[in-house]
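Number of protein chains: 2
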Amino acid sequence: MTEKRIYADNAATTAVSDVAFEAMLPYFRESYGNPSATHSYGTAAKRAVEDARKKVAESIGARINEIYFTSGGTESDNWAILAAAGLRKKKGRHIITSAVEHNAVHNTVQQLEKRGYEVTWLPVDKYGMVSPEQLEEAVREDTILISVMTANNEIGTLQPVRELAEIAGRHKVLFHTDAVQAAGHIPLDVRELGVDLMSLSAHKFHGPKGVGALYISLRTALPPILFGGGQEKGKRSGTTNVPGVVGMAAALEDAVRRMDENVRKVTALRDRLIEGVLNLPGAALTGHPVQRLPGLASFIFKDVKGGPLVAALDEAGVCASSGSACSAGAGEPSRVLKAAGIITAEDVAAPLRLSLSGYNTAEEIDEIIRRLPAALKRAASESVLAGPDNMDVD
Amino acid sequence: MTEKRIYADNAATTAVSDVAFEAMLPYFRESYGNPSATHSYGTAAKRAVEDARKKVAESIGARINEIYFTSGGTESDNWAILAAAGLRKKKGRHIITSAVEHNAVHNTVQQLEKRGYEVTWLPVDKYGMVSPEQLEEAVREDTILISVMTANNEIGTLQPVRELAEIAGRHKVLFHTDAVQAAGHIPLDVRELGVDLMSLSAHKFHGPKGVGALYISLRTALPPILFGGGQEKGKRSGTTNVPGVVGMAAALEDAVRRMDENVRKVTALRDRLIEGVLNLPGAALTGHPVQRLPGLASFIFKDVKGGPLVAALDEAGVCASSGSACSAGAGEPSRVLKAAGIITAEDVAAPLRLSLSGYNTAEEIDEIIRRLPAALKRAASESVLAGPDNMDVD
Numbered sequence: 001m002t003e004k005r006i007y008a009d010n011a012a013t014t015a016v017s018d019v020a021f022e023a024m025l026p027y028f029r030e031s032y033g034n035p036s037a038t039h040s041y042g043t044a045a046k047r048a049v050e051d052a053r054k055k056v057a058e059s060i061g062a063r064i065n066e067i068y069f070t071s072g073g074t075e076s077d078n079w080a081i082l083a084a085a086g087l088r089k090k091k092g093r094h095i096i097t098s099a100v101e102h103n104a105v106h107n108t109v110q111q112l113e114k115r116g117y118e119v120t121w122l123p124v125d126k127y128g129m130v131s132p133e134q135l136e137e138a139v140r141e142d143t144i145l146i147s148v149m150t151a152n153n154e155i156g157t158l159q160p161v162r163e164l165a166e167i168a169g170r171h172k173v174l175f176h177t178d179a180v181q182a183a184g185h186i187p188l189d190v191r192e193l194g195v196d197l198m199s200l201s202a203h204k205f206h207g208p209k210g211v212g213a214l215y216i217s218l219r220t221a222l223p224p225i226l227f228g229g230g231q232e233k234g235k236r237s238g239t240t241n242v243p244g245v246v247g248m249a250a251a252l253e254d255a256v257r258r259m260d261e262n263v264r265k266v267t268a269l270r271d272r273l274i275e276g277v278l279n280l281p282g283a284a285l286t287g288h289p290v291q292r293l294p295g296l297a298s299f300i301f302k303d304v305k306g307g308p309l310v311a312a313l314d315e316a317g318v319c320a321s322s323g324s325a326c327s328a329g330a331g332e333p334s335r336v337l338k339a340a341g342i343i344t345a346e347d348v349a350a351p352l353r354l355s356l357s358g359y360n361t362a363e364e365i366d367e368i369i370r371r372l373p374a375a376l377k378r379a380a381s382e383s384v385l386a387g388p389d390n391m392d393v394d
Numbered sequence: 001m002t003e004k005r006i007y008a009d010n011a012a013t014t015a016v017s018d019v020a021f022e023a024m025l026p027y028f029r030e031s032y033g034n035p036s037a038t039h040s041y042g043t044a045a046k047r048a049v050e051d052a053r054k055k056v057a058e059s060i061g062a063r064i065n066e067i068y069f070t071s072g073g074t075e076s077d078n079w080a081i082l083a084a085a086g087l088r089k090k091k092g093r094h095i096i097t098s099a100v101e102h103n104a105v106h107n108t109v110q111q112l113e114k115r116g117y118e119v120t121w122l123p124v125d126k127y128g129m130v131s132p133e134q135l136e137e138a139v140r141e142d143t144i145l146i147s148v149m150t151a152n153n154e155i156g157t158l159q160p161v162r163e164l165a166e167i168a169g170r171h172k173v174l175f176h177t178d179a180v181q182a183a184g185h186i187p188l189d190v191r192e193l194g195v196d197l198m199s200l201s202a203h204k205f206h207g208p209k210g211v212g213a214l215y216i217s218l219r220t221a222l223p224p225i226l227f228g229g230g231q232e233k234g235k236r237s238g239t240t241n242v243p244g245v246v247g248m249a250a251a252l253e254d255a256v257r258r259m260d261e262n263v264r265k266v267t268a269l270r271d272r273l274i275e276g277v278l279n280l281p282g283a284a285l286t287g288h289p290v291q292r293l294p295g296l297a298s299f300i301f302k303d304v305k306g307g308p309l310v311a312a313l314d315e316a317g318v319c320a321s322s323g324s325a326c327s328a329g330a331g332e333p334s335r336v337l338k339a340a341g342i343i344t345a346e347d348v349a350a351p352l353r354l355s356l357s358g359y360n361t362a363e364e365i366d367e368i369i370r371r372l373p374a375a376l377k378r379a380a381s382e383s384v385l386a387g388p389d390n391m392d393v394d
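One line per chain: the protein sequences are A and B, in this order. Heads up: the first sequence is residues 1 to 394, going by our numbering. Heads up: the second sequence is residues 1 to 394, going by our numbering.
One thing to keep in mind: the hints can contain errors.
[As the list claims (entries may be wrong)] In silico DSS-like pairs for lysine-lysine, Cα to Cα no more than 27 Å straight-line: (1) 90/A / 114/B; (2) 89/B / 114/A; (3) 235/A / 114/B; (4) 46/B / 4/A; (5) 114/B / 46/A; (6) 114/A / 91/B; (7) 90/B / 89/A; (8) 233/A / 172/A.
[Unchecked claim] For each label pair, taking beta carbons as the anchor points, the in silico distance ranges come out as: (9) 275/B / 258/A: 52 to 62 Å; (10) 191/A / 141/B: 21 to 31 Å; (11) 381/B / 115/A: 53 to 63 Å; (12) 22/A / 218/B: 37 to 47 Å; (13) 267/B / 116/A: 50 to 60 Å; (14) 5/B / 260/A: 37 to 47 Å; (15) 138/B / 347/A: 54 to 64 Å; (16) 260/A / 91/B: 55 to 65 Å; (17) 291/B / 51/A: 37 to 47 Å; (18) 115/A / 275/B: 51 to 61 Å; (19) 264/A / 191/B: 55 to 65 Å; (20) 192/A / 369/B: 54 to 64 Å; (21) 61/B / 125/A: 49 to 59 Å.
Keep in mind the hints are simulated off the structure, nothing from the lab. Quick caveat, the model's predicted, so the values are computed rather than measured. Beta carbons are placed, not taken as given, at the ideal position from N, Cα and C, and that holds for glycine.
Between the sequences and the hints, there should be enough to build the whole structure, so can you do that?
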């Protein structure tokens with residue numbers, strides 16, 4: 001492989017931006033204090049953490065004391081769901097979520113199902129979108145939590161979060177949204193959306209891995225799920241990852257500052273990519289044609305398997321994903337694509353997710369389009385022999 | 001403050017070492033793939049994670065598939081305790097722990113107490129040490145978990161973990177040890193110690209904040225407490241913090257490689273410090289005189305408060321701690337010092353913890369001893385007026 005490598009898997013993870021990296025740098029070896037310590041090293045670290053909290057809050061229209069730092073999107077989702085269920089269990093044990101959530105929500109809700117909670121899995125239309133009407137019908141007297149993602153990680157579809165949260169609010173049901181794929185990519189305002197809980201993950205918007213946040217509205221007395229030293233006002237124990245939260249805040253602030261310009265640029269790249277790929281035989285777009293993440297182009301190719309296609313593209317110097325095409329290890333076809341009626345369990349069809357960032361260029365898009373036909377051909381010939389499909393987890 | 005600042009709060013957190021920092025560096029902006037992705041960026045990240053796992057395993061005598069990465073010591077402790085309780089609840093609901101555990105263990109066990117588990121809090125002697133005989137007496141038919149720390153974070157006392165784990169093993173009770181203060185500071189071998197579960201935190205041994213590990217022996221089928229993408233063989237979901245685990249492994253490998261030399265050096269510094277401080281009027285050593293962490297010197301000063309003393313030392317350019325002297329916000333005197341009978345609730349007495357690392361020098365020790373009397377004098381005069389004592393959380 002001598003050609004320049006093209007990274008088109010930004011929905012899986014992103015490179016740390018220079019601005020985030022430079023912001024983190026002093027907190028590893030110089031200003032390395034524990035923010036809970038009362039001496040000057042400690043107070044300097046604490047100032048950095050509180051400054052980061054302010055930036056994250058402002059980036060999503062929240063108040064400073066509504067932002068709690070976590071180890072990432074998965075912890076944020078688990079916290080929101082497990083703690084909300086515990087908080088409201090006297091009111092009832094019914095939870096509503098969608099059929100197309102990320103596993104961090106899906107599997108956590110399933111855990112609650114095993115513990116005796118009742119779950120309504122909202123269906124989606126052919127674009128993977130939840131309908132407010134169906135949510136309205138699903139709400140019951142004993143409903144305690146609704147969790148619907150802001151943007152889908154496999155097919156990029158944006159959910160009507162504002163309408164859904166409005167229904168939740170009217171019925172006095174807590175509303176959580178996993179905004180891990182959306183934050184930093186589309187404008188988000190927690191008050192405008194009317195959500196009670198929102199999960200963020202830094203490494204999806206050019207911040208570092210291992211750090212995230214949970215927005216908890218002031219009106220929600222969410223209990224902790226990790227116990228200890230009482231950091232984060234007693235809600236999330238554990239020494240704060242100072243460089244991590246500083247990097248997260250810098251990346252998110254930067255993303256929000258350049259939001260309009262970046263959305264325009266990335267949307268243009270995405271549409272150029274979609275146009276080029278749809279010219280190939282057997283290709284179809286998955287997800288909503290318009291209500292979708294600016295950088296996420298997702299397709300399905302008949303008679304090809306996702307694993308061999310991603311491998312062939314990798315050989316051709318393109319980092320792509322089969323789009324969390326399979327659940328863990330089992331070789332099962334995508335739950336999301338099945339829910340949207342795009343594939344059935346029997347279909348041989350390769351989902352392909354190409355997820356872009358502001359670092360991608362038009363030349364790279366053209367290269368992807370140029371390299372794709374040979375990769376598809378190679379993957380199709382290998383798919384006949386291939387075993388269970390590979391798994392990509394974001 | 002024009003004098004050179006001396007950092008003597010290494011039990012709270014440490015500077016990231018150059019070797020750990022350099023190891024992490026490529027994983028922020030170059031080799032930034034998601035280890036779950038199947039393309040080349042993903043497989044490069046996965047290799048780095050598995051190499052880190054091997055290093056951490058070898059550093060504590062574990063097998064590679066016994067190491068699970070977490071967000072830090074608090075998550076590791078919570079996971080070990082909450083999951084072990086769930087795993088064994090059919091056998092019984094009795095847990096044994098010590099009265100001097102870190103809050104990450106203490107408060108998690110208290111949560112289980114609220115959920116109907118019965119807890120025996122083992123007393124300690126005047127050095128803060130648990131007795132194997134008392135553990136033997138406390139074990140019951142329905143005991144499912146014993147959790148005793150390897151080294152105390154406030155007074156540095158080392159517990160007889162091998163003897164305690166042997167008792168647990170004989171009674172077929174799971175044994176967890178919070179080794180957060182010990183790892184990288186004293187030699188640890190999980191097989192020699194005979195423990196089932198061991199918590200580690202990278203930032204206590206010159207690794208980065210926000211990353212830790214839980215050793216889970218192959219014979220222990222510990223369920224997860226975080227659900228999602230199925231990372232860490234389904235046991236700990238969430239995108240792996242690649243630079244974090246790489247930095248942790250590099251720091252721990254380095255600490256183990258230089259263990260003998262470092263223990264000798266730091267013990268000599270600590271003893272020089274203890275000797276100098278004990279010459280001051282009203283000073284007493286806390287913790288065991290010999291069975292203690294190489295770098296941790298802890299004292300108690302009569303008629304002084306911890307908060308003002310730490311503040312006065314900080315003014316004098318010395319970063320120290322009152323040794324987690326108070327529980328969260330309440331201004332309560334140290335639970336550890338009370339358990340060891342060193343103070344009562346009515347005493348006015350300042351705990352002072354000076355915790356050293358290989359970066360400290362003999363000159364710094366002498367400077368601390370030189371600057372301490374004036375700080376004590378100033379703190380004593382302020383302690384008359386001061387309100388509730390400050391809290392330091394590690």
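Tell me if the beta carbons of residue 115/A and residue 275/B are separated by a distance inside 51 to 61 Å. holds (57 Å)
If I claimed the Cβ atoms of residue 267/B and residue 116/A lie 50 to 60 Å apart, would that claim hold in this structure? The hinted range 50 to 60 Å holds for residue 267/B and residue 116/A, with Cβ atoms some 54 Å apart.
Residue 347/A and residue 138/B - C-beta distance against the hinted 54 to 64 Å: holds (60 Å)
Between the beta carbons of residue 291/B and residue 51/A, is the distance compatible with 37 to 47 Å? Given a distance of about 42 Å, which is inside 37 to 47 Å, the answer is holds.
Take the C-beta atom of residue 61/B and the C-beta atom of residue 125/A, compute their distance, and say whether it sits inside 49 to 59 Å. holds (55 Å)
Tell me if the straight-line CA distance from residue 114/A to residue 91/B falls inside 27 Å. Holds, at roughly 20 Å.
Need the status of pair residue 233/A, residue 172/A: alpha-carbon distance at most 27 Å? Status holds; Cα separation ~26 Å.
With the threshold set at 27 Å, check whether the alpha-carbon distance from residue 90/A to residue 114/B stays at or below it. Distance ~17 Å between residue 90/A and residue 114/B Cα, so the pair holds.
Within a Cα-Cα threshold of 27 Å, do residue 46/B and residue 4/A meet the stated pairing? Holds, at about 22 Å.
Given the range 55 to 65 Å, decide if the beta-carbon distance of residue 260/A to residue 91/B lies inside it. Distance hint for residue 260/A, residue 91/B holds at roughly 60 Å.
Note whether the CB distance of residue 381/B and residue 115/A lies within 53 to 63 Å or breaks it. holds (57 Å)
Would the pair residue 89/B and residue 114/A pass a check requiring their Cα atoms to be no farther apart than 27 Å? holds (16 Å)
In this structure, the hints that do not hold are numbers 5, 10, in rising order.
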